[in-house]
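J.: Sequence:
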Amino acid sequence: MSLFSRRHFLQTTGTVLAASSLFRGNALVASPSMAFPTRPLIFAHRGASALRPEHTLAAYGKAIIDGADYIEPDLVPTKDGRLIARHESNITDTTDVAQHPEFANRRRIMTIDGKQQEGWFTTDFTFAEIKQLRACERLPQIRPSNSRYNGWFDIPSIEEVIDFVAASATASGRQIGIIPELKNPTHFHKLGFTPEDQLLDILNRHNYTRQAPVEIQSFEPTPLRYIRKKIGQSRPNWKLMFLLGYPDVPPADILAAGGKTTFRNLVSKEGLQELRGYADAIGPANEYLIPKDSNGQWLQPTNLIQNAHDAGLFVHSYTCRPENIFLPRQLRNQEGDNSRNIQGSIAEIRRYLELGLDGFFTDDPAVGRLAVEVF
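Quick note: the sequence shown uses full-length UniProt numbering, first residue 1, plus one each step.
All the pointers check out, no bait thrown in.
SDA-like cross-link-like pairs, simulated, lysine to any residue; straight-line CA separation at most 20 Å:
id, residue 1, residue 2
1, Lys79, Ile202
2, Lys190, Gly114
3, Lys269, Pro291
4, Lys79, Thr126
No lab work stands behind these hints, which were simulated from the structure alone.
With the sequences and hints as input, model every part of the structure.
T.: Shown next as structure tokens:
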């Protein structure tokens, strides 16, 4: 079946299924149309992080209101093994930890995946201590209006995120997927943590995630292989996505084992066929789809989307952001690097969708929704 005929079939059948199966009685149930998207999916990157501090319930809530299909909690463990929503273990820039004198002596240098970092790290704090902190805006120079919310919101656990999404789905009458990312699993394994097993246990225990769309992501093949082997096809509503880092760099697990296979190698035509054995989708940076030159100008598109589709993989790219500084130079306006450029962001997303993209991460799901509707 060609890509066009496949999508036409899903559009004509999936819409009816979605309407008839979203609710059964008073229970929210898995919608078959969500397993095979009839239109491009919108993934809220760390929530609506262009409008609220990332990885807070406020950011997730704004994303849901603005039409996101999935919300993304990046997951890292605390000292006592709780999985919390932070983009990385280093919480220096995204919390007010520096304002807590009782934690001053925990600032230190840590090596994560071969790179030294200085700051405060989640694995040095218990969950109860993390709950004493408040979230802060990561990019205050680019998103100063988000800084007004500094100190408002605490750091949620994955259990709290699932409860929040389940409540929002019930209130809104529509399914909302969850697309958690396991951050730096090789690093955390060395510290004695097993985030894959923890996440699977939590997802299996919650009624909502046993039936709602879930897509587990990682930049490392090893945890995805492990999860695929462990769950098999027992959770048809769960998908696995392999994220793509810098093309000429090996994933952290391969590097730690002494291997030299790079992300570029893994998404060759042969590599994509192998990936299909343990992943349902790939998550490339947008530059994998349309490279840029040193001035930020778009070059010619690649064949990655078509090659991935030929291998039976969906493509969910990252990250579309509405500010000029993040846009291809051809699409920027004259309002300044840090200014929001909604039309430019819509044009960027539409170009990727024209290439056949199945879904995309965005910091501003409302803009993503506009782009999808226009497309």
